[in-house]
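Add chain B to chain A, keeping to what the hints say.
Number of protein chains: 2
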Amino acid sequence: METLSLDQYSFVGNAFSFGLAVMASTTLFLWLMRSSVAPGYRMAITITGLVTAIAAYHYLQIMLSWDKAVDVTSGELAATGEPFNQAYRYVDWLLTVPLLLVELILVMKLSQDETWNRAIKLGGAAALMIVLGYPGEVAEGAGTRFLFWILSMIPFIYILYQLVVGLKESIEKQPDNVKQLIHYATYLVIASWAFYPIVYLLPLLGITGGSAIVAVEVGYTIADIVAKAVFGLVIFTIAVRKSAAEGYKTATES
Amino acid sequence: METLSLDQYSFVGNAFSFGLAVMASTTLFLWLMRSSVAPGYRMAITITGLVTAIAAYHYLQIMLSWDKAVDVTSGELAATGEPFNQAYRYVDWLLTVPLLLVELILVMKLSQDETWNRAIKLGGAAALMIVLGYPGEVAEGAGTRFLFWILSMIPFIYILYQLVVGLKESIEKQPDNVKQLIHYATYLVIASWAFYPIVYLLPLLGITGGSAIVAVEVGYTIADIVAKAVFGLVIFTIAVRKSAAEGYKTATES
Chain A
295 METLSLDQYS
305 FVGNAFSFGL
315 AVMASTTLFL
325 WLMRSSVAPG
335 YRMAITITGL
345 VTAIAAYHYL
355 QIMLSWDKAV
365 DVTSGELAAT
375 GEPFNQAYRY
385 VDWLLTVPLL
395 LVELILVMKL
405 SQDETWNRAI
415 KLGGAAALMI
425 VLGYPGEVAE
435 GAGTRFLFWI
445 LSMIPFIYIL
455 YQLVVGLKES
465 IEKQPDNVKQ
475 LIHYATYLVI
485 ASWAFYPIVY
495 LLPLLGITGG
505 SAIVAVEVGY
515 TIADIVAKAV
525 FGLVIFTIAV
535 RKSAAEGYKT
545 ATES
Chain B
295 METLSLDQYS
305 FVGNAFSFGL
315 AVMASTTLFL
325 WLMRSSVAPG
335 YRMAITITGL
345 VTAIAAYHYL
355 QIMLSWDKAV
365 DVTSGELAAT
375 GEPFNQAYRY
385 VDWLLTVPLL
395 LVELILVMKL
405 SQDETWNRAI
415 KLGGAAALMI
425 VLGYPGEVAE
435 GAGTRFLFWI
445 LSMIPFIYIL
455 YQLVVGLKES
465 IEKQPDNVKQ
475 LIHYATYLVI
485 ASWAFYPIVY
495 LLPLLGITGG
505 SAIVAVEVGY
515 TIADIVAKAV
525 FGLVIFTIAV
535 RKSAAEGYKT
545 ATES
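From first to last, the protein sequence lines are chains A and B.
Per my numbering, residue 295 is the first one in the first sequence, and the count goes up by one each step.
Per my numbering, residue 295 is the first one in the second sequence, and the count goes up by one each step.
Pulled out of the complex, with its shape left as it was, chain A reads as follows (with noise of 0.2 angstroms):
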């Protein structure tokens, strides 16, 4: 932490913040306007709206930690010896990855076998992700950091073959005026994902220090912006308009 400029300290910081106020304020926009979309599709945008509520709450979280990790005197940083805690973000994502997953089973509306099935695969590959990820982000050896790498990627691809090959039929059978949308969703969710595993490496190529540090967290913090809030508003686009398809009056109608 005291390779950081007190500019870069505070930019961070600023980060954080700015992830919770998204976070936080999608979480309201969805639930708040929950009955715009019809009776079937309230699940998914609940679900939604919890995913963005999980990642305001360790936003705060990161944002605190952050703060308590470092004194700011007369215009230097000091270490108070109090770690900054990395792990916020795999208890987060460790809840959240599964759920987003969850979201766009429910919002396709498929039948409940199918519904059942995939959430379980999926969500159950994801969770399986985020707890391979987490020895390798704690160890101090880079191979072992490397190993969980390796071994984290293996449902990452599952699910990333789910998406674009096992979902497909589903989707084909989505109705016209959504199916571009439902493609742009799981597109969505492969490019934001691809930058976690990018991001873990880092420190295997030697990129340390300050700008290293700000990169990482500006950069997860971007990516959870786009995999969670952006999503998040594309699943509510994706109910309301099937809603209205279905013959159900949305908010946007008076």
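Among the hints, erroneous ones may be present.
Which copy is meant is left open, so a pair is good if it fits within one copy or across any two.
[Unchecked claim] Straight line, CA to CA, 20 angstroms or less: simulated SDA-like cross-link-like pairs of lysine to any residue:
1) K415 to L454
2) K415 to I465
3) K543 to P333
4) K415 to V528
5) K403 to I414
6) K543 to M337
7) K543 to T340
8) K543 to T409
The set of hints was computed from the structure by calculation and includes no laboratory data.
Leaving out everything else, chain B in the frame of chain A:
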């Protein structure tokens, strides 16, 4: 507390934060989704959410107490002298354990007389079990601890007997599409509750030190999550299925 390493201390703190996040998000989910069950099941869902809400509050208190008990300076732990408050768990259980059993009774929708009768017997026994456990938890001597363990086991065994034998006939009268789930809910109570009396005895077996503290605190947290959040979602699923079977349009249909 000084027998803990920094990693162990952080891990337990993260487990408490995870517990708080799980309990709070389960509460929000249950209350937001309350209208997706028939009016006859809404009290069950309200109380199910209340249990996780009370647990969320106590996990916040436990987390803050854990934080205040130790100062971390340059990677070393130093006790602040303020003891970690174990009593929050007992205060929590005193409220939530009777309510958990009431949830189960309410979702079965028995006759009014049977509901009252069973709720008072099971809820009363649960409260008695917690009250009898506490003097042993705070006692210095091993003899006192063991004595109150025995006393507390009497209502515990009575509750297990009631769940397995007493409720048998009422469970058999439940609709076919939920009978298995209700059995599953009672097993979940029995399996998760079995953890508590075992942990209670650990100090008598001479199991102490850092790893024992981690095992106890993380173990209690997992048992609480299973007994309250996972159990709560099973209760919710039972209520949704029974509502649907009774002709109520649920949130998973349009």
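Verification of the hints:
For a Cα distance limit of 20 angstroms, the shortest separation of K415 from L454 inside one copy, 12 angstroms, qualifies, whereas the shortest one across copies, 34 angstroms, does not. Taking identical chains as interchangeable, the C-alpha atoms of K415 and I465 lie at most 20 angstroms apart only when both belong to the same chain, with a minimum of 17 angstroms there against 31 angstroms between chains. In this assembly of identical chains, the alpha carbons of K543 and P333 lie at most 20 angstroms apart whether taken from the same copy (11 angstroms) or from different copies (9 angstroms). Within a single copy, K415 and V528 get their C-alpha atoms only as close as 23 angstroms, which misses the 20 angstroms cut-off; across copies the closest is 19 angstroms, which meets it.
Taking the shortest Cα distances, K403 and I414 sit within 20 angstroms of each other inside one copy (15 angstroms), while across copies they are farther apart (29 angstroms). In this assembly of identical chains, K543 and M337 lie within 20 angstroms of each other by CA distance both inside one copy and across copies; the values are 18 angstroms within and 14 angstroms between. In this homomeric assembly, K543 and T340 come within 20 angstroms of each other (Cα to Cα) both inside a single copy, at 19 angstroms, and across copies, at 18 angstroms. In the homo-oligomer, the alpha carbons of K543 and T409 lie at most 20 angstroms apart only across protomers (18 angstroms), although the nearest pairing inside one protomer, at 25 angstroms, exceeds that limit.
Every hint from the earlier list agrees with this structure, and none is contradicted.
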